[in-house]
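S.K.: Going line by line, the protein sequences match chains L and F.
In terms of this note's numbering, the first sequence opens at residue 1014 and continues consecutively.
In terms of this note's numbering, the second sequence opens at residue 161 and continues consecutively.
Certain hints may be false.
[Said to hold, decoys possible] Here's a subset of chain F near chain L, in silico, CB distances under 10 Å, partners left out:
#, residue
1, LEU285
2, LEU290
3, ARG294
4, GLY351
5, ILE355
6, GLU444
7, VAL505
No lab work stands behind these hints: they were computed from the structure.
All figures in this text were calculated on a predicted structure; none of them were measured in a lab.
Glycine included, each C-beta is placed from N, C-alpha and C at the ideal position.
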Amino acid sequence: MPEAPQTSASPSAVTTDKPQQFLHTLANGLTLVAEYIPGVRSAAMTFLVPAGAANDPSDASGAASILSDWLLRGAGNRDSRALSACLDSLGVQRGSNAEAIFSRFSASLLGKNLLEVLPIYADIVQRPMLPDDGFGPAKDLALQQLDAIEDEPAHKLSILIRQRHYDYPFGRPTTGDREQIEALTAEKLREDFRRRFTPRGAILSIAGAFEWKALRAAVEASFGPWKAPAPVSASGNPAPRGTHHVTQATNQVQIGLAYDCVPDAHPDSILVHTASSVLSGGMGARLFSEVREKQGLCYSIHAGYHSFKERAAIFGYAGTAPERAQRTLDSFLIELRRMAKGITQEELNRSQIMMKSRVIMQGESSSARAGSIASDFYHRGRTRTLDELRALIESITLDRVNNYLAANPIKNITLVTIGPSELTVARDP
Amino acid sequence: MLTFHQAQLPNGLDIIAETNPAAQSVAIAFMVKAGARDESPEVSGVSHFLEHMMFKGTAKRSSEDVNRQFDEMGAKNNAFTSNEVTCYWAQVLPEFTEPALDLLADMMRPALRTADFDMEKKVILEEIALYLDRPSHTLFEALMADHFEKHPMANSVLGTKDSVSALARDQMKTYFDGRYGPGNMVLAVAGKADIAELTALAQKYCGHWPHVNVQRAYPAPVLQPKRRHIRDEKLKRHYIAGLCPGPSAQDDDRYAAMVLSDVLGDHEGSRLYWALVETGLADEADFSFFPHDQTGSFMVYASCDPERAQQVEGILLEELQKVVKDGLKDDEVERSKIKIATSTVLQGEQPMGRMRGLASRWIYNREYRSLEQDLEILESITTRDLQNVANKTSFAPMTITTLGPSAL
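Assemble the whole structure, with the sequences as input and the hints as a guide.
M.R.: Written out as structure tokens, the structure reads:
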């Protein structure tokens, strides 16, 4: 098997007090990435399988989401209850859900139990029972979820803004489409499982307390035999974008907006992260300070970066009373457009220390590290160490950030609002 | 290696710290024994409003200074208000221990300027509106009010649009003066820190604070369980919540109650999960234990299709009665104990994970329990202990509040 330890230290040196990263690709295409963290008893797993909402069958939006429930209703020789009892007995704190690109399985546990837990997840993705009597409830819950979203306008907005902004199928909601879910059959979903639950493009990420050789051998033993077809790729059709309003009798007007920026693997993405931190990184950031603190226009206002491999956007949110909504949107846009004029050295200094401090604090959490190196591998095909991240943050200069911002003014904003009345986007001055 | 330290300043300010030389960061918090339950009706919402005002500046710092200086340290920081406590916290790298403590301590002596007060009132009113768009929050507030009635635990943390609109700056100042001082608060620290250094810094930045003498009122709850349905035709889902008495934060039964709540209501593999979520009858079904100061509650919650309202409520209550009538099984109790033990160990690896428990235990009981002691107590809990807790409350009668589009 090809093996590429990413540090010069020998993999057996797990007794050193430095974190170490490892990478191993199985013959079937599954990638194992791992970070040994000294001094912890925990281990965390992030397992990404390339079956997400974006590659749900064109007539079965919501399929990945229902699968993420159905898969846990029995696997290998354990039925639903036995599977759950087994994970509980090993103290596994866990979650599973479908995202746009992947189905995600995450788990936190004591490192000493890790090797016992891996075969259970191998059963879940390779030998699920997908029982007939579990399909009805899983589908029913997916339909109930669609109703629940109607009762939570902020949640509804977060789905709509992605749908309007990202090219199809990247903005497809994981929660799916009501009519298509209603029409879905157990047989069709089983077929979908066989087509999409594949090791090619899957990423298994482990961080915390483990012994590398034993981990690698256990992963080979449990996941090596996993055979499946090549993953389904998704290609984009243009998104509707523009301005969209949903009339609903809410207490607050929900304002969501989005605009493009470079994806995470692009060398300039660190400049976007910096700008995003200046805009919305802490309580001293521009949006919070200018719109909430100085004008008292809203309680909640923020903007954040989201990236796929080849497309990315900043998503902004504010919620406010109908009578203040237009002023809130106007002030929001003023702050976004002002970014093209650049940031100050003080703002850069603050962003750098904030980003560096987040990186160091992330090192205290095995689950944060497991998620982070899995994401690194998806975007870059390699993992980054905390030291590399620190050096990257230190390398940012004011000129680079401001040149980027001047060359990439915020434009073509997608706007979605939910509330009693519509808002308008003032034109660029 | 976690080590506990305790110190007290001459003015009575308690300092507690659980230090961990291997940690990369330090979490620092001031927890004040002041929350919605300490408010009289005419100042409803003042504890939470005051929490916001503490970020609006001091004699020597503007609101912008406060927020900017946290950012300059790369701090993760925030505050929260509950029915029982208000807590201000910051997590920073160890080299920022002094500036973080300086800033947090200065915030504890706020300017409470009228112009800031008027501006922040608008923000609070927006926060109230935000929660009005969340049915589970609306239901929870109504349930607490129905269950506790005249007892202070019935008080709303946010207050109402009317109560907050009517609040005056001087009422807030009076509330602040009576509660924010040594004698009614603790400085709690977890992570990489040194107790001698912390004590010296606390003396430098907090040594001049006047001591406050205040006693929280502990009226006995007079519970008259009842049920109420709130109709909101705009909603798509039906929401059910119920409350009954449970052990308090001082009661030795609280550990067994915590395990019981996992057996019954954890999101994965609990009794309510199998009965309601796995079957697809309800998209959420929870059972939680809330140990309050000198009283306590168990809460049950579910959301479902409106046409399944009666069926789901019936199963919910029946599952609780099964525990009283048919008892608990050793294997389910053991599994819950393992889950909680693992979670305790995982939390112990992060300063923020330890800080909140550390501070609230001190505020309620002036007590410290190490991670190992917690694990030992957990290990000693038996199925019989859980059964005794369940039999004591018997989950009946229960205050039940429901919210949904139907008339019922």
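S.K.: List, from low to high, the hint numbers that the structure doesn't satisfy.
M.R.: 5
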